[in-house]
Amino acid sequence: MVAAGVATLALALTACGSDSDDSAEGGSGDSGGKVTLTISTFNEFGYDDGLLDEYMKQNPNITVKHTKADTSQAAGDALRNALGAGSGGSDVAAIEGDQMPEFLQYADKFEDISDPSLDGRWQDWKTAQATDAKGRLIGYGTDIGPEGICYRSDLLKEAGLPTDRESVAKWMGSTWDDYFKAGEEYTKKTGKPFYDSAGTIRLGMENQMQNAFEKDDGTIIATENPEVKDMYDQLLAESAKGLSAGLSQWTQDWNESFKTGGFATTLCPGWMLGVVQGNAPDVKTWDITNSFPGGGGNWGGSFLTVPSYGKHVKEAKALANWLTAPEQQIEAFKSKGTFPSQIEALKDPAITEATNPYFNDAPIGQILTDRANAVTVKPFKGPHYQAINDFLADALGRVDIDKVDDADTSWNKFVTDVNGLK
Amino acid sequence: MGPVRCPHGTGTGPVPGAASSCDLREHTTAMATTTSSRTAGSTPTPAKPRTPRRAGFSQRLGRWDLKLSPYLYISPFFILFLVTGLFPLFYTAWVSFHDWDTVMGQGEFVGLENFQYVLTSADFWKAVRNTFSIFLLSSIPQVIIALVIAAMLDQNIRAKTFWRMGVLLPYIVTPVAVALIFSNLFADQSGIINQWLGALGFDPVRWHAEVIPSHLAIATMVNFRWTGYTTLILLAAMQAVSRELYEAAVIDGAGRARQFFSITVPQIRPTMIFVVITSTIGGLQIFDEPRLFDQAGNGGSDGQWQTLTMYLYRLGWSQSDFGRASAVAWLLFVIIVIIGLINLAVTRRIATSGGKR
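Line by line, the protein sequences are chains A and B. Read in order, the letters of the first sequence are residues 68 to 489 in the numbering used here. Read in order, the letters of the second sequence are residues 12 to 368 in the numbering used here.
Calculated from the structure, these hints are not laboratory results. Please note that the accuracy of each hint is not assured.
Unchecked claim - Lysine to any residue pairs mimicking SDA-like chemistry, simulated, CA-CA at most 25 Å apart:
id: 1; chain 1: A; residue 1: K326; chain 2: B; residue 2: L208
id: 2; chain 1: A; residue 1: K378; chain 2: A; residue 2: T254
id: 3; chain 1: A; residue 1: K470; chain 2: B; residue 2: M115
id: 4; chain 1: A; residue 1: K259; chain 2: B; residue 2: Q200
id: 5; chain 1: A; residue 1: K326; chain 2: B; residue 2: A190
id: 6; chain 1: A; residue 1: K308; chain 2: B; residue 2: E221
id: 7; chain 1: A; residue 1: K256; chain 2: A; residue 2: E273
id: 8; chain 1: A; residue 1: K480; chain 2: B; residue 2: F143
id: 9; chain 1: A; residue 1: K326; chain 2: B; residue 2: L196
id: 10; chain 1: A; residue 1: K296; chain 2: A; residue 2: T242
id: 11; chain 1: A; residue 1: K470; chain 2: B; residue 2: I204
id: 12; chain 1: A; residue 1: K470; chain 2: B; residue 2: L227
id: 13; chain 1: A; residue 1: K378; chain 2: B; residue 2: M115
id: 14; chain 1: A; residue 1: K470; chain 2: B; residue 2: V216
id: 15; chain 1: A; residue 1: K489; chain 2: B; residue 2: L130
id: 16; chain 1: A; residue 1: K259; chain 2: B; residue 2: W207
id: 17; chain 1: A; residue 1: K470; chain 2: A; residue 2: G309
id: 18; chain 1: A; residue 1: K135; chain 2: B; residue 2: A307
id: 19; chain 1: A; residue 1: K176; chain 2: B; residue 2: A307
Claimed, not checked - Okay, the calculated beta carbon distance ranges per label pair:
id: 20; chain 1: B; residue 1: Q117; chain 2: A; residue 2: G202; range: 39 to 47 Å
id: 21; chain 1: B; residue 1: L196; chain 2: A; residue 2: L488; range: 35 to 43 Å
id: 22; chain 1: B; residue 1: L179; chain 2: A; residue 2: E111; range: 32 to 40 Å
id: 23; chain 1: A; residue 1: P348; chain 2: B; residue 2: K171; range: 41 to 49 Å
id: 24; chain 1: B; residue 1: L208; chain 2: A; residue 2: D120; range: 50 to 58 Å
id: 25; chain 1: B; residue 1: Q166; chain 2: A; residue 2: A307; range: 54 to 62 Å
id: 26; chain 1: B; residue 1: Q117; chain 2: A; residue 2: D283; range: 44 to 52 Å
id: 27; chain 1: A; residue 1: D300; chain 2: B; residue 2: I292; range: 44 to 52 Å
id: 28; chain 1: B; residue 1: L147; chain 2: A; residue 2: D245; range: 47 to 55 Å
id: 29; chain 1: A; residue 1: A417; chain 2: B; residue 2: I292; range: 54 to 62 Å
id: 30; chain 1: A; residue 1: T476; chain 2: B; residue 2: L179; range: 40 to 48 Å
id: 31; chain 1: B; residue 1: I288; chain 2: A; residue 2: D120; range: 49 to 57 Å
All of these numbers come straight from a predicted model, not from anything done at the bench. Beta carbons: idealized from backbone N, C-alpha and C, even for Gly.
Excised from the complex, chain B in its bound form (with noise of 0.2 Å):
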């Protein structure tokens, strides 16, 4: 949102959020007005004529106007990022230095304890496995599925809207019902993914029992609720890449595949940067799908598809040891910012030797 300008003499601005401030910037100049002479009658239009001392500080007034509004207008998103964002980033903290229960609050200091059980605890790197291996399983198929399907939504067919809205039909589908229909799907005994493997004659897949099978299952349901919205942020991508370039290229002979990997993908990077950063924070803290992944939502016997959220949710809420569940929600937080120090890392080059073509 950026600075509004308020529409003089009247109370509202256009955005409910600046109107605020505007209401307040003319209640100061009104009051103003009525400390000096009221000479200037009821509207107090700066156009009017003026006393040399009253001109001084309205020009004062128009100063600070200058400096301080922008800051005004924009302090709403930091006031609320301060009080929902890292208010909370720091409690966290301090609460996981403290022996807390989730009903009785705070107990007594207990230094990095709750770090050292939590590092020592094998459960803990269970879930940082199985967190890695469905955010690489749903992430990096999602991400080329997404691709291609944007690409042929892209060329010039029938009933495009229909098309474009039918692949984000899945994400209005909410995560519980995605989790019934492939509960059905991947059912171990009952299962029509299995049912077709047995008539096709090959062994039942244990979809709940093994690891790679579980993350495969669970990376499916993430796939299949995220990969329409995807498409549509690479579909506007795409879009938006000149149809100069396509027309040069095929001047010069070159076919659809080598069009799509020669102007398409080199022409979008930005917007896939994107997608790979937001989709890196989202699988991160991957919970819906795996946590509805079996009636218990525990992850499994053996932690098979616990996430890190998950642990965190367990430790906090089954076993109401927020001191410990607030260690591995700042452990998380550290290992999601090594990441995206990563991927800022990798995607800043990928992005200069793009620009160097």
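Next comes chain A alone, as it looks inside the complex (with noise of 0.2 Å):
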């Protein structure tokens, strides 16, 4: 089989090629065998530097061209035009992670890719949320977003609090009240807030509930769910209490905060850790815990899918296999940081080792790799989680960063927008 074959091109990843050239070509029936793959991406995978050049050195045959968005969401807004139009897309296309679900509606109009030498190649929850109900795998997962806190330790020391990593884990503690309960005693020393907004908080609380928004049917629950009305009530009584900066994230207001102090603490996945470094690189008390609140939690992470309506699908699975096999995806993290998803890539030690020294030397890829272990929940996120995600996040935002509504109105106004939902 083809697949098999390409299968162990991409794991030994050796001067194998021409075999798999062959079959390719076979499959194909291109005149002269050359092939032109586009691969579509969004904000860095990692793969620019130099893994596609090796990828066509190793298959003569094949041109990869590659496209970034500058956002997974127009990344999501192509694809959907191109898998509603039936053509017109990349033969390869990245999906993030939260965008997952609702592509999975459409799994019929994706390769499916699942191949008994792949499995194990991922943690369980990462292949799960590329899963359909059929049990079709759609995507190859490429990086996952493993969460630590991330705090300024300057901060934490003015208001007479511990600021070595172990001893701020103890201090936040194991639970979400905890972590509240320590924000108490920061904001009540200082009166300064003690993290971004409730919205940010929001997304690690939620992303450790098994069906916060939609039952494994895809029915609704999420204005009837009293996890998440006791989530919500939570928040905004916390940031009544001054926690929250009530800074909305990605903004102006909510990058400069990092540089000045306007907040101690945000949550930090993998690729948060680069963000952080370019809104305050001038800032050298940033430092992250190995820790999180609730257990593990994981934001974020993407995956490589291969669209049905695609002219190359066998070449194009091909090259997803090889890009996201564990070696390569080493090779990504080196170049810009993104954290495997891969089992095998989270015990080579160019990941365990991995140190940062812009957080005070820590041990990144312990770190990350202890934090995606701990990740027990597998959230199911159905078909309408990102318009429920965007009506949660306005609702919250209405209260803790517009200051335009009281927590019920808000409230209500969410519940009508969720009950519009077809």
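Since each chain sits alone in its own frame, please combine them into the complex, following the hints.
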């Protein structure tokens, strides 16, 4: 089978290219056997520092063209259009983890990539995210977003609180209640906010719920789920106590606050480390704990998919397979810090022994590996996840950030919004 | 594009669009020649003597040419308009009567359900409010400022071309760059404007939380980009105003201000109407600036600055519901047509009252 041959190529990474080239030629029937593949990603996947060139060198009959969207949202819009039209999209299309549930509705429009050779490549929950009800696997996992807590040691020091990683982790405790209690202590002592916004903390809490918004059959329960309402009430109660800085993520004010000390802590998935450093390059006191309230948590991480409209799905699968093999993902981590979702890669010294000088030489590889292993819940996100997620972010924002509604009015608007969904 | 005459005997016309129909016509003439006797030789010029039968045929051909050709020449536009304008318009109506998923396509026929949902949704009416508010806040100051700048550029100043090109500079900056600049100005805490206000002892304005401030900020972005463009159009109209009128006014002792209001403004009235109509259509479809006003691009947590096109986009793309999005598109179309008709009625009255002067 071609797929098996291709998998061998991907795993062995040696010059066995000729076999698989022949089969690819036979499969596509293209003149001269030359195949041009397009791959679309967003933000930074770490493929530009030689990985794609390397692939083309190993497979002389393949030319890879890479297009990058600036946001995962834009990439999702483009893919949705291409799927609707049945053409015009990339052969390999990247999808952000939280958008995956929506695209799983259209799983039939993607190639099923499940293959015995891929068993055990990724952590179970990563694979589960890209598997539909019929058991079709449509995405090759790239990276994941295991979370620790980023904190500014100088701000904690001023408040007379612990500053080194271990003591801070202990002080913040193991549950969200503990974390909020620590925050109340900080805010009482300093009069300053503890974290950036209720919306950010919400993402951490919600990603630990099995069925936050939808039941496994897709029925919407967001407005009746007591877990969601309790979380909403608790977050806004803490905002009222002054724990939240009321800063919307990715805004100019939020970016600035990493420098100016607008808040002392925030949630930090692997890919956030670069964001923190980029926003406050001269601050030397950001650090990261090897702990997370309520157990492990994952925020973000992506997949490569092969839409069925492509003319060269076999070759496209081979490329996506190769790029998401542990060896290549380690290179991507070295290039752009995207933390691998591959079990093998997580054991590699290049990952486990990695440190980050900006974060006070934190053993970042070890921390993120531990954080990834601590993830126990595989949150179910159904087709309406993205829409409900936006509505809830707005609901919290109206009270926490914009202060235009009280908690109850805003919740009622949220209920109306959700009920309007089909 | 007016009808273009074919240069006889050559294959290419002066305008690429006209070339094909010229080729076609020559081809038909050539065909006609071959079906009859080939006495005419290789060049079928009508000046050569012909048999009565052929003369009649070419006369008939000439008549068709006279009647049909103008339509042929203008047909590319209308065919294109049919394909890219009229067809999507009716197709959108068709979609709006269905349960229509963005990816999965057509679902059940649902009648007016999508319209009912949209018209009873608070978000839609908020979007209507925002669209009109941003439109008025941007268009009115824009036309007034453009008028003043154009009047100044119309004077005898040094380095005319430099200043005239200068006003167009913001127009060639991409909206994304404009949004970047203005997000620095209008940031709620770290923004320059709020820092100035703070230095003067005022409370900071919550640009991203309150309705009117957010509209003012967005209108500023729109005006920054479009005022120069409007200025140039008005300037062109002012240049065409006969200089003798001003000379006569000067002799009569009219000052600069009196000249401006009594000569310049009435003389460029048709151009002003054009500017008002185009800015109405553009203003009601405003999308880029409000979408780029914050990172999420949803128009604020409470829809403070969500416009109709943004609401349409959110329904169609974030929620994958083309049916409802199409309903919004049609309602927007109806609104624009109504405003267009009001515009027409008002401007016609202004135009005729101007004519009586």
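Hint check:
1. With a C-alpha separation of about 22 Å, the suggested pair A:K326 and B:L208 falls inside the 25 Å cut-off, and the hint holds.
2. With a CA separation close to 58 Å, the supplied pair A:K378 and A:T254 exceeds the 25 Å bound.
3. About 39 Å separates the Cα atoms of A:K470 and B:M115, which puts this hinted pair outside 25 Å; it is violated.
4. Simply put, A:K259 and B:Q200 have alpha-carbon atoms about 15 Å apart, close enough for the 25 Å limit, and the pair holds.
5. Between A:K326 and B:A190, the direct Cα distance comes to roughly 22 Å. Compliance with the 25 Å bound is thereby established for this hinted pair.
6. For the hint pairing A:K308 with B:E221, the CA-to-CA distance comes to about 23 Å; that is within 25 Å, so the pair holds.
7. With a CA separation close to 29 Å, the supplied pair A:K256 and A:E273 exceeds the 25 Å bound.
8. At most 25 Å may separate the alpha-carbon atoms for a hinted pair to count; A:K480 and B:F143 meet this at roughly 23 Å.
9. Proximity of A:K326 to B:L196 is assessed by CA-CA distance (about 18 Å); at most 25 Å being required, the pair is judged to hold.
10. For the given pair, A:K296 sits about 18 Å from A:T242 by alpha-carbon distance, which is consistent with the 25 Å threshold.
11. At most 25 Å may separate the alpha-carbon atoms for a hinted pair to count; A:K470 and B:I204 meet this at roughly 21 Å.
12. For the suggested pair A:K470 and B:L227, the alpha carbons sit about 19 Å apart, so the restraint of at most 25 Å is met.
13. Of the pairs offered as hints, the one joining A:K378 and B:M115 holds, with about 20 Å between alpha carbons and a cut-off of 25 Å not exceeded.
14. Among the hinted pairs, A:K470 with B:V216 is consistent with the structure: their alpha-carbon atoms are about 13 Å apart, no more than 25 Å.
15. For the given pair, A:K489 sits about 16 Å from B:L130 by alpha-carbon distance, which is consistent with the 25 Å threshold.
16. Taking the CA atoms of A:K259 and B:W207, the gap is about 24 Å. The hint holds against a cut of 25 Å.
17. Restraint check for A:K470 and A:G309: the C-alpha separation of about 13 Å stays at or below 25 Å, so the hint holds.
18. For a cut-off of 25 Å, the pair hint linking A:K135 to B:A307 stands: about 19 Å separates their Cα positions.
19. The suggested pairing of A:K176 with B:A307 is violated, with an alpha-carbon distance near 28 Å, which exceeds 25 Å.
20. Our hint of 39 to 47 Å for B:Q117 and A:G202 is violated, since their Cβ atoms are close to 28 Å apart.
21. Look at B:L196 against A:L488: about 36 Å separates their beta carbons, and that is inside 35 to 43 Å.
22. Roughly 36 Å separates the CB atoms of B:L179 and A:E111, a value that falls within the hinted 32 to 40 Å.
23. In this structure the hint that A:P348 and B:K171 lie 41 to 49 Å apart at CB holds, the actual value being about 46 Å.
24. Between B:L208 and A:D120 the beta carbon distance is about 52 Å. The supplied range of 50 to 58 Å therefore holds.
25. Between B:Q166 and A:A307 the beta carbon distance is about 60 Å. The supplied range of 54 to 62 Å therefore holds.
26. In this structure the hint that B:Q117 and A:D283 lie 44 to 52 Å apart at CB is violated, the actual value being about 28 Å.
27. Checked against the hint of 44 to 52 Å, the pair A:D300 and B:I292 passes, with Cβ atoms roughly 46 Å apart.
28. The hinted range of 47 to 55 Å is satisfied by B:L147 and A:D245, whose Cβ atoms lie roughly 52 Å apart.
29. In this structure the hint that A:A417 and B:I292 lie 54 to 62 Å apart at CB holds, the actual value being about 58 Å.
30. Separation of A:T476 from B:L179 is about 47 Å and conforms to the stated range, judged on CB atoms against 40 to 48 Å.
31. B:I288 and A:D120 have their C-beta atoms about 54 Å apart, which keeps the hinted 49 to 57 Å range intact.
This entry does not satisfy hints 2, 3, 7, 19, 20, 26, going by the numbered hints stated previously.
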